[in-house]
Amino acid sequence: MRNRQATAQSNLELKKTGVGVGLRSEHYQNVLEKTPALDFLEVHSENFFADAGIAVDILQEVSASTPISLHGTSAGLGSVEAVPDDYLRKLKRLVDRVDPILVSDHQCFTWARIGGRLFHGGDLLPIPFTEDSLRHAVNNIDRMQQCLGRQIAIENVCAYIEFDQSDFDEASFLGEIVARTQCGLILDINNLMVNARNGHVSNLENFVDRYVESLDHSAITEIHLAGSTPVGEEELLIDDHARPVSKAGWQAYERVLNAIGSKPTLIEWDNNLPSWCELLGEAAKARKAQRRALGRERSHESL
Amino acid sequence: MNLSDYQAHFLEFLFGGTSKPVQPNSEVYRFAVEAKAVRALRQGYPTVRALVGPADFEALALDYFGMIRKQSGDWGDFGWGFPSWLLSHRISDRVPYLSDVARLDNYIGRVERSQYEEVNVDSFAVIGEDLASCSLILNKGLRFFRSMYPVVSIWEAHKSETPKDTLSFAQAKRMIAKGRGQNALIYRAGWKGMAEVIPEKDLVLLESVRNQRSIAEVFGDDVLSDTSFTHWLQGMIAKGVIVGAKAIH
Numbered sequence: 175m176r177n178r179q180a181t182a183q184s185n186l187e188l189k190k191t192g193v194g195v196g197l198r199s200e201h202y203q204n205v206l207e208k209t210p211a212l213d214f215l216e217v218h219s220e221n222f223f224a225d226a227g228i229a230v231d232i233l234q235e236v237s238a239s240t241p242i243s244l245h246g247t248s249a250g251l252g253s254v255e256a257v258p259d260d261y262l263r264k265l266k267r268l269v270d271r272v273d274p275i276l277v278s279d280h281q282c283f284t285w286a287r288i289g290g291r292l293f294h295g296g297d298l299l300p301i302p303f304t305e306d307s308l309r310h311a312v313n314n315i316d317r318m319q320q321c322l323g324r325q326i327a328i329e330n331v332c333a334y335i336e337f338d339q340s341d342f343d344e345a346s347f348l349g350e351i352v353a354r355t356q357c358g359l360i361l362d363i364n365n366l367m368v369n370a371r372n373g374h375v376s377n378l379e380n381f382v383d384r385y386v387e388s389l390d391h392s393a394i395t396e397i398h399l400a401g402s403t404p405v406g407e408e409e410l411l412i413d414d415h416a417r418p419v420s421k422a423g424w425q426a427y428e429r430v431l432n433a434i435g436s437k438p439t440l441i442e443w444d445n446n447l448p449s450w451c452e453l454l455g456e457a458a459k460a461r462k463a464q465r466r467a468l469g470r471e472r473s474h475e476s477l
Numbered sequence: 554m555n556l557s558d559y560q561a562h563f564l565e566f567l568f569g570g571t572s573k574p575v576q577p578n579s580e581v582y583r584f585a586v587e588a589k590a591v592r593a594l595r596q597g598y599p600t601v602r603a604l605v606g607p608a609d610f611e612a613l614a615l616d617y618f619g620m621i622r623k624q625s626g627d628w629g630d631f632g633w634g635f636p637s638w639l640l641s642h643r644i645s646d647r648v649p650y651l652s653d654v655a656r657l658d659n660y661i662g663r664v665e666r667s668q669y670e671e672v673n674v675d676s677f678a679v680i681g682e683d684l685a686s687c688s689l690i691l692n693k694g695l696r697f698f699r700s701m702y703p704v705v706s707i708w709e710a711h712k713s714e715t716p717k718d719t720l721s722f723a724q725a726k727r728m729i730a731k732g733r734g735q736n737a738l739i740y741r742a743g744w745k746g747m748a749e750v751i752p753e754k755d756l757v758l759l760e761s762v763r764n765q766r767s768i769a770e771v772f773g774d775d776v777l778s779d780t781s782f783t784h785w786l787q788g789m790i791a792k793g794v795i796v797g798a799k800a801i802h
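Here the protein sequences line up with chains A and B, keeping their order. Residue numbers for the first sequence follow the working numbering, beginning at 175 and rising by one. Residue numbers for the second sequence follow the working numbering, beginning at 554 and rising by one.
None of these hints come from the bench; they were simulated from the model. Small disclaimer: the values here were computed from a predicted structure and weren't measured. Some hints could be false.
Said to hold, decoys possible - Lysine-lysine pairs mimicking DSSO-like chemistry, simulated, CA-CA at most 27 Å apart:
| # | chain 1 | residue 1 | chain 2 | residue 2 |
| --- | --- | --- | --- | --- |
| 1 | B | Lys712 | B | Lys731 |
| 2 | B | Lys754 | B | Lys693 |
| 3 | A | Lys208 | B | Lys745 |
| 4 | A | Lys266 | B | Lys589 |
| 5 | B | Lys792 | B | Lys754 |
| 6 | A | Lys421 | A | Lys190 |
| 7 | B | Lys726 | B | Lys693 |
| 8 | A | Lys459 | A | Lys208 |
| 9 | A | Lys266 | B | Lys693 |
Unchecked claim - Which residues of chain B face chain A? A few of them, derived with a C-beta cut under 7 Å, are:
| # | residue |
| --- | --- |
| 10 | Leu567 |
| 11 | Ala585 |
| 12 | Lys589 |
| 13 | Asp627 |
Where a beta carbon is used, it is the ideal one built from N, C-alpha and C, also for glycine.
Given the sequences, and given the hints that come with them, work out the whole structure.
Below, the structure written as structure tokens:
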């Protein structure tokens, strides 16, 4: 899918100051009882791949009043193997069911063949930033966009291993993918920060700023914010989405907004879930940061 | 190592096929995936877990994950083969009914995720005088099976926090001692999967309906005058087991 303009999108369009949260089963009741004052809700696509059942019915009902962002965790777009037809068929059916505002997945691999049989790794597995990886990622993203008849977005992931060999840094790699597929980007600020911390980057602010500066800002369709459980200095920090966004996370977010302007923003919280009210409180913080950034944008324009 | 080999080797490591990590810190991924595999099976097989306890269940889940591995992008699909895999596992020597209980858990999960047909009341109008030319329609979403063990009572008892205090537990214990089993019918009530015992006669009837045999063949030519048939059919329609009738040639 080489032409972003030509892709069929949802009838809905998310405003650039839109704020949403991840909807998990523990909060279904809250959302059904009262339509939340949010611009969108994000769900993990594969949790709704069933033919039918309570999850599918609830999502369809919720999607009638609140736009849905479908975020996949299992496509493995960086796999050498092509994303299987069965996966694409289920994703297409879900897209047709809920007419999402965004379809996205991660820049990682998960499918591989062992002894001739295709297996799924069950996690967001890191890929080296090489020409070979790029070729396979482009093929898979193109294939998914063709199948869905719309643009998708890909997200930068946490990587807990380092590769000896690379032809690109991560931001350039993503830039190449965008240029070749016309897909969108999800900028996950927490993933950037986790990678920087695990990579013993001394100046976090500088690291985030330089990374963001090298991205195509017009391709960024969504920003993701999340929190991680702190660990000892010698331990790996794991992106567990089990805490509120840290102070450093909010600061990084504001700097990113200043650099690229307002973008739809998602609060991710997947483990050790808070109450629905607390989650909405995190969304309110993002909204305030968006307003501050928008205020700055306008005052710059008026100068 | 080329990219394809790296990816295959990484998965092999995740599944425990090799203990040699691809890179330092690869075990972070293995721990995460193993935890997801245990969680997926725990959600899909609550009765099995209640029967064997959390520690043995986790060991079983990890054995299964390492041996069968993951083949679908949807964790909800993971573990469909668990009941038959259990048959060949040594735990079945100790808990011989475990595989059948797993099968019941599995069918409950499938029924809850499958397209469940609505009853088409109007379709019953095709049942006329010639019962050889029409058949009943079985809901494609439901399941039934025979077990040599009292699987429904075991399942029912282990829905309780204290299974041993339930009548179902006492019944299951008695039936196991006498070597008696149950036929299980698994259907959906609203969104929830349900299981109940059905007599052998009903199970044979449902098998015949599933094989699209005519009403005359399954129930007899003068069945419409039999009130017990009418009651049976009403009960099956109420549960959404029979969802309609159709003309056959």
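Would you check the hint for lysine 266(A) and lysine 693(B), treating anything up to 27 Å between C-alpha atoms as holding?
holds, 24 Å
Is the straight-line distance between the alpha-carbon of lysine 459(A) and that of lysine 208(A) 27 Å or less?
holds, 21 Å
Using 7 Å as the Cβ threshold, decide whether alanine 585(B) counts as touching chain A.
holds, 5 Å
Taking the least C-beta to C-beta distance, is leucine 567(B) closer than 7 Å to chain A?
holds, 5 Å
For the pair supplied as a hint, lysine 754(B) and lysine 693(B), confirm whether the alpha-carbon distance does not exceed 27 Å.
holds, 20 Å
Next pair to validate is lysine 712(B) with lysine 731(B); report whether the Cα-Cα distance is within 27 Å.
holds, 23 Å
Lysine 792(B) paired with lysine 754(B) [C-alpha distance capped at 27 Å]
At roughly 18 Å apart (the allowed maximum being 27 Å), lysine 754(B) and lysine 792(B) satisfy the hint.
Distance restraint between lysine 421(A) and lysine 190(A), which requires alpha-carbon spacing of 27 Å or less:
Holds - the C-alpha atoms of lysine 190(A) and lysine 421(A) are around 23 Å apart, at most 27 Å.
Between the alpha carbons of lysine 726(B) and lysine 693(B), is the straight-line distance 27 Å or under?
Violated - the C-alpha atoms of lysine 693(B) and lysine 726(B) are around 33 Å apart, more than 27 Å.
Double-check lysine 589(B) for me: the hint is only fine if its C-beta lies closer than 7 Å to a C-beta in chain A.
Cβ of lysine 589(B) sits 6 Å from chain A, so the hint holds.
Proposed proximity, lysine 589(B) with lysine 266(A) (alpha carbon, max 27 Å)
holds, 25 Å
Holds or violated: are the alpha carbons of lysine 208(A) and lysine 745(B) at most 27 Å from each other?
Given that 27 Å is the threshold and the Cα spacing comes to 23 Å, the pair holds.
Checked against the numbered hints above, the structure breaks only hint 7 and satisfies the rest.
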